[in-house]
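As you go down the protein sequences, you meet chains A, B and C in turn. FYI, the numbering used here numbers position 179 of the first sequence as 194, with every residue one higher than the one before it. FYI, the numbering used here numbers position 12 of the second sequence as 205, with every residue one higher than the one before it. FYI, the numbering used here numbers position 425 of the third sequence as 612, with every residue one higher than the one before it.
Rather than coming from a laboratory, the hints here were simulated on the basis of the structure. The beta-carbon is built from N, C-alpha and C at its ideal position, and this holds for glycine as well. There's no promise every hint is true.
Pulled a few chain A residues facing chain C out of the computed Cβ check, cut under 8 Å [unchecked claim]:
hint	residue
1	P62
2	G64
3	N77
4	N101
5	A102
6	V106
7	I110
8	A186
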Amino acid sequence: MIKLIIDKKTVEVEKGTTILQAAKNIGIHIPTLCYMNLGDLNIENKPGGCRVCVVEVDGRRNLAPACATDCAEGMVVHTHSIRVLNARKTVVQLILSDHPFDCLICAKSGNCELQDLAHKLGIREIPYQGEQSTYREDTSPAIIRDVDKCIMCRRCEVMCNEVQTVGVLSAINRGFQSVVAPAFEMNLDHSVCTYCGQCVNVCPTGALTEVDHTNQLINDLADPGKTVIVQTAPAVRAALGEEFGMEPGTLVTGKMAAALRELGFDYVFDTDFAADLTIMEEGTELLDRLSKHLNGDTNVHLPILTSCCPAWVKFFEHQFPEMKDIPSTARSPQQMFGAIAKTYFADKINVDRKKLVVVSIMPCVAKKYECSRDEFKVDGNPDVDYSISTRELANLIKQANIDFLGLEDADFDNPMGESTGASVIFGTTGGVIEAAVRTAYEVHTQKELPKVDFEELRGMEGIRSATIDFDGLPISIGIAHGLGNARKLLEDIKAGKSQYHAIEIMACPGGCIGGGGQPYIHGDTSILKARQKAIYQEDAQKTIRKSHENKYVQKLYEEFLGKPMSEKAHHLLHTHYFDRKKEVFID
Amino acid sequence: MSSIKVKLKEKDIAKIQEICKSFDNKPGDLINVLHKVQGEFGYLPAEVQEVVAENLNVSLAKIYGVVTFYSFFTMIPKGKHPVSICTGTACYVRGAEKVLEEFKKELGIKVGESTPDGKFSLTCLRCVGACGLAPVVQVGEKTYGRIAPDDVKNILAEYEDN
Amino acid sequence: MANYKYHLLVCGGTGCKASESDRIVNMLNNEIRENGLSSDAKVVTTGCFGFCEKGPIVKVLPDNTFYTRVTPEDSKEIVMEHLVKGRRVERLLYVDPETKKHITDSKHMGFYQKQIRIALRNCGFIDPENIDEAISRDAYIALGNVLAGMTPEETCNVVKESGLRGRGGGGFPTGLKWEITRKSQADQKYVVCNADEGDPGAFMDRSILEGDPHAVLEAMAICGWAIGATKGLIYIRAEYPLAIKRLKIAIDQAMEYGLLGKDIFGSGFDFEIELRYGAGAFVCGEETALIHSMEGSRGEPTFKPPFPSVEGYLGKPTNVNNVETFANIPVIFNKGAKWFASIGTERSKGTKVFALAGKINNVGLIEVPMGTTLREVIFEIGGGIKDGKAFKAVQTGGPSGGCLTQKHLDTPIEYDTLIEAGSMMGSGGMIVMDEDDCMVSVAKYYLDFTVEESCGKCSPCRIGNKRLHEMLETITKGEGTMETLDKLKTLSHVIKDTSLCGLGQTAPNPVLSTMDNFWEEYLEHVEGHKCRAGSCKSLMQYIIIPENCVGCTACARNCPVNCISGERKQLHVIDQTVCIKCGTCMEKCKFNAIEIV
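Work the whole structure out from these sequences, hints included.
Laid out in C-alpha cells, this is it:
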C-alpha cells in the first residue's frame with residue numbers, strides 16, 4: 016500500500032492507483048474531460064491530452080495529469096491550489112477558444128461535458144480568441160459529424176478502433192488542424208462505419224450526434240391523412256425513465272405506452288411482438304440447420320449467428336463478406352414488425368401502405384440506417400419509415416409538455432402489442448440466444464422446459480459460452496457483445512476453430528441496453544447493469560415467457576404466414592446480405 | 194479530401210503488394226512501407242493507401258492518420274522538378290523568406306502546390322543541414338546555396354528545356 | 188595512411204557536397220593520374236570538417252594545409268602547385284579576418300584552436316565509407332575490451348563515472364539511464380539511437396553519422412551489452428540521405444568484419460542494428476513519440492512514466508540515446524571515465540558539439556569543452572559577427588530554448604547555467620543574431636515552428652501555442668496592446684506548466700526569454716509602433732529623402748504597385764497607403780535616396 020496526502024488528507028491506496036482514483040476514494044472529484052473509464056466493460060481512455068485534470072505535486076516541475084499519474088509514497092498533491100485553478104481554467108478557455116459558440120442550439124446542449132465544465136469552473140470570458148479550426152459537416156443516415164466541435168479527447172477513436180475494431184475513425188492531421196475523422200475525411204456513409212453509435216455515446220460534446228427525426232415525426236403525427244403507428248424496442252423501457260430523473264433500472268413500460276398515446280400515435284405497438292416472431296423464424300432456422308448438420312449435410316454451415324443487430328450485420332458485410340451465408344437470414348425484429356405492419360396490419364385496418372407511417376423507438380442509431388436499406392422497401396416505400404432513439408423520444412415527450420412521471424400506466428394495442436418474457440430480454444447481451452433456446456428446446460425435444468431461466472447465458476463478460484443440454488443433445492452456444500469481441504469469434508470460425516452451434520452477437524457493449532441511442536451514461540457503467548437487471552425483471556414478471564406461446568404470434572401464422580420459414584415468411588421476414596468489401600469508395 | 198483520382202494498374206498493385214511483403218506485411222513497418230511506396234509513386238494517393246491498408250491489415254483511417262501526421266508524406270504529386278526552400282533558422286535569418294516569396298511570384302503557386310504544367314512544385318523544409326550555405330534551395334537532387342532573390346529566375350531557367 | 192606522400196582530404200558532408208565536392212574529388216583524381224602521382228597521393232572523401240562557412244574544403248596532409256571555398260576548377264592548380272611543385276596555392280588559403288594573413292596550418296586557425304574534438308574526432312579525418320580507416324583510428328577497440336573483460340554492470344558504471352549526460356537536450360545522466368534499462372527484466376530489450384535531429388539550424392548528428400558512423404554503431408553495441416539487448420535501431424530522418432547511405436555501408440562492413448552480428452569477438456554476444464526512418468515530424472525527437480513512430484503509428488508522445496527504460500519499443504525496455512551521446516562512448520572506454528570527467532565542469536562533463544550558424548563569420552560545426560563561454564564560441568571560434576554588425580543575441584536550444592544577450596556572453600556553457608539564464612542546451616543549435624534581427628519576429632518564427640510541429644494531442648500545445656503565435660502576429664503588425672503582452676506572458680507560463688511533452692513544455696521559451704531580455708523591443712512594438720530592427724513590415728515606412736532624390740524614376744518604374752509618383756528630375760513621393768513594403772524601390776535606387784523609418 017502507498018500512503019500520500021491529497022488536499023491535506025491522508026489516503027492509502029494500492030500501488031498503480033492514479034491520483035484521480037485516489038482522490039475519488041476520499042470524495043475529491045477532480046474534473047476530467049478526455050478521461051473515460053467504462054469500468055465494467057474494461058474500457059479505459061486516458062491519453063492525458065486535455066490537461067483539465069492537472070494537479071500540483073510537491074517537488075514536480077510541472078503540473079501532473081491526475082488521470083495518468085500514479086500515486087507514489089509520500090506524494091503531496093494539491094487539487095485546487097491557485098496555480099492549479101488558473102491552469103485548469105486557462106486550459107478550458109483555450110479549448111473553448113477553438114469551439115463554436117452555438118451552445119444554445121447545439122444538439123448536445125444540456126448533455127455536453129464541455130459546457131458542464133465551463134459552468135463548473137465559472138468561466139465567464141474567453142481571453143484567448145483567435146482562429147477556429149473548421150471542417151466539413153458530414154451527415155450519414157444515422158450519425159452527424161460536426162467536428163468543429165471535436166476537442167480531440169479521442170474517446171470515439173478508442174471505441175471505434177479498440178472496442179469495436181471497426182477502424183473508421185482516426186486522429187488525422189497534426190497540431191491545430193488535428194481532428195478525429197474517417198480516412199480522407201470522407202463521409203461516414205462511404206466508410207466501413209457500422210453506425211453502432213458507440214462514438215456518439217462517448218463524445219463529450221456535440222461533435223458526434225445522431226440524425227434527428229423528431230421534426231419529421233411531429234409533422235407526420237399532425238397529418239390527418241396519415242395513420243402513424245409506433246413500435247418500441249425492449250431496451251427503451253429500461254432506460255427512458257433516466258431522462259426524467261428516475262433511478263437507472265426503473266421500468267417505464269406502461270408510462271412509455273401512455274406517453275406515446277398522448278403524443279398522438281394511432282396505434283402503440285411493441286417491437287417485442289416482432290421479437291417473438293423473430294424467435295419463431297430464427298429458432299426454426301437454427302433447428303433446421305442443426306438437424307441437417309447432424310445428418311451429415313456438408314452444405315450446411317454452423318454455427319448460426321443471430322442477425323437482429325444492424326450494426327453487426329453491416330460489420331460482417333464489410334469485414335467478413337466471405338462468411339455472409341453463416342448468419343441467420345431472419346430480419347431484425349424492427350424490420351419484421353415493419354413488414355407485417357405494412358401488409359397484414361395495413362390490410363386489417365384497410366390503410367394503403369403509403370399512408371401508413373411506421374415509426375420505431377430504438378435504443379440504437381444503426382436502426383435509422385437499417386430502415387433506409389433498399390431491401391426493406393417496397394416500391395421505394397420503406398417497411399419502417401424511420402426510427403428515433405430513446406433520447407429523441409424523451410425530448411419529444413418534454414416538448415409535448417407531457418408529465419411523464421405523473422402518467423398512469425397504459426397497455427400496448429393489439430394485435431402487435433402482445434409479447435412474452437423471451438422477447439423482452441432481446442434488449443441485453445445473452446437475451447436473444449436465451450429466448451431462442453427456450454423455444455428451440457421445446458420444439459426440438461417436444462418437452463416442456465424444466466426451468467426457463469438460463470443463468471449460464473447471462474452476464475457482462477465480453478465473450479461468454481455455455482453448453483445447453485437439449486435432452487441429451489449438447490448444444491454449444493457462444494455470446495459476444497461489442498464488435499471487437501465479435502471479431503474474435505469470427506476469426507475463430509474463419510480458422511475453423513469454432514466449436515459453437517449458435518452464436519449471439521450484439522454490436523454494443525452490454526447489448527441494446529448500451530445502444531448508441533440510449534440516454535448518456537457519462538461513464539457510469541453501473542447504469543448498464545441496472546438496465547440489464549430491469550430487463551430480466553420484466554421477463555420474470557411476464558406470465559408467458561416463451562415466444563412460441565405468444566397467442567398473437569400464433570394467430571399471425573394461422574391467419575397470414577402459414578408456418579415458420581414458409582414461402583410467405585421467407586418473403587417478408589427473411590433477408591440476404593451483401594459483400595461490402597469493395598463498397599468503400601473514395602471521393 | 195483527395196482531389197486526385199487515380200486508377201491503379203494491376204502492376205502498380207502488385208508493386209505495392211511486393212513492398213508490403215518485403216516487410217512481412219507487418220503493421221509495425223507501416224512508415225517504412227509508406228516511404229518505399231512513396232519512393233515508387235512519388236506520392237501517396239488514396240487508392241495506394243487502400244492497397245497498403247489491405248496488405249498490412251491496418252485500418253485505412255489509421256494509414257491516413259499517419260500520412261497526414263508526417264510532413265514527408267504527400268498526397269499531391271510533386272512537380273517534375275520539386276523546388277524546396279529551406280526555412281531552418283540559419284536560412285531564415287539569412288533571408289530565406291524573401292527567396293521563398295520570389296519563387297512563389299515566379300512560379301505563380303503557393304507552398305504545397307504544383308504548376309499547372311506539372312513542371313515545378315514548391316515546398317518548404319526545415320534545415321537540410323547545409324547551414325553554411327544559407328539560404329539554401331533544392332531543386333530535385335541539386336542544392337543551391339547562398340541564394341538571393343535575384344538568383345531565382347536563373348535557377349528556374351536551368352530547367353526551362355525539360 | 189603511411190604509404191602515400193600526400194593525402195588530400197576532401198569534405199564530403201552535405202554542405203560541401205552541395206557545392207560539388209564530388210566533382211572536386213573526381214578532378215583531383217584525374218589530375219593526379221595524369222601527372223603520374225597515383226602512388227604518391229591519395230584523395231579521401233571524409234566527413235564534415237566543421238568549417239562549413241568556407242566549404243568546400245580540401246585539406247592536404249601531412250602539412251595540414253587547409254584550402255577553402257575550393258571549386259572543381261581549382262583541382263588542377265592544387266595538384267600542379269602543391270603536389271608537383273611543393274608550393275601552396277596561396278589564394279585558396281584561409282585568411283585570418285583580423286590579421287588578414289594567410290594561414291597555412293589549420294591548427295593555427297581561430298576556428299579550431301579552442302576546440303576539443305571527442306565526438307567529432309574522426310570527422311574530416313577518415314573516409315566514412317571505409318571501415319579500415321575507422322579501425323586505424325581505434326574503432327571497435329572499446330567494444331572488444333568491454334566484451335572481453337567487463338560485466339554489463341561494470342560497463343554501466345564506466346558510463347556513470349564519466350558523468351556523461353544526454354546530448355539530445357534533456358541532459359539526463361546516460362549511465363543512469365543504461366542502468367535502469369539494465370535492471371528492467373524482459374526477454375528482449377532494445378537500444379535505440381535517436382537520429383531524428385529536428386531543430387531547425389542544427390546538424391551535429393548528421394555530421395557525425397556522415398563522418399564517423401562506426402563510432403555510433405560501436406557505442407550502440409556496447410550499450411547493448413551493458414543493458415542486455417541484442418537489437419539496435421537507428422531512427423533517422425529521411426531527409427538525411429547521405430547519412431543513411433553511409434550508415435548502411437558501415438553496418439554492412441561491420442557485419443562483414445564480425446564487429447556486429449552473431450558472436451561478436453567470439454564473446455557469444457549478438458548484436459544487430461536496423462534503420463528506421465523518420466518522416467518529418469519534429470516531435471518524434473521526444474523518445475515516447477519516437478518509439479510510437481518506430482511502431483508505425485502517429486508520433487504522439489505519451490505520458491511518462493512509464494519511461495522507455497521500463498516500457499519502450501513494443502512494450503520492452505528500451506534505451507534511447509542520441510547520436511552525439513553515443514559518439515562519446517567509445518572514447519570514454521578507450522581513454523577512461525576519469526579522463527572524460529576531467530574535461531568540462533563540475534556538473535557538465537566532456538564536450539558539446541554545436542552547429543554555429545546565423546549572422547556569424549565562421550558558420551560551422553564546433554566541439555568545445557563544457558564551460559567554454561558564449562563569448563569564446565561566438566567571437567573566437569565563430570570569428571565574430573558578419574559584415575561588422577553588432578551582436579544582439581544568441582539562440583540556443585532551438586525551438587525549446589531561448590535567446591541570450593550581451594549580458595550572458597560570459598556565461599559558461601553548461602546544462603544548468605543555460606537553463607538558469609532562461610535558455611537550454613538543447614541538441615546543439617546555436618544561432619547568432621545581429622542588430623537587424625527583430626526579437627519579436629524571432630519569437631514568432633520559433634512559435635511558427637512549434638505550431639506547425641505540435642502533434643495536436645494535448646490542448647495547451649495544440650491551441651495555446653497557436654494563440655501565442657497569433658498574439659505575436661498582432662504585435663508585429665503594430666496592433667498589440669499592453670494587455671496583449673500581459674496575456675502572452677500568462678499564457679506562456681500555463682502552457683509550460685500543463686503541456687504533455689517536452690515540445691509543448693518548452694515551446695513558450697523563445698517568447699519568455701525574448702520578453703525577459705528584450706522587453707524594451709516588445710514595448711516599442713506595442714507603444715511606439717516601431718520595430719528597431721526594421722524587420723516588421725507593418726511597422727515601417729519607406730520614405731524618399733528629398734536631398735538625395737534626383738528624380739531618376741527608377742523607383743517609380745520598378746514599384747510593383749505603382750505607388751511612387753513624381754515627374755522626371757523631380758522629387759518622388761511614396762504613397763504609404765498603397766505601399767506593400769516590398770523594398771524594391773530601395774534596391775533599385777542608386778542614390779541612397781530611400782530609407783526605412
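Now for the hints, and whether the structure bears them out:
no.: 1; hint: P62; verdict: holds, 6 Å
no.: 2; hint: G64; verdict: holds, 5 Å
no.: 3; hint: N77; verdict: holds, 5 Å
no.: 4; hint: N101; verdict: holds, 7 Å
no.: 5; hint: A102; verdict: holds, 5 Å
no.: 6; hint: V106; verdict: holds, 6 Å
no.: 7; hint: I110; verdict: holds, 5 Å
no.: 8; hint: A186; verdict: holds, 6 Å
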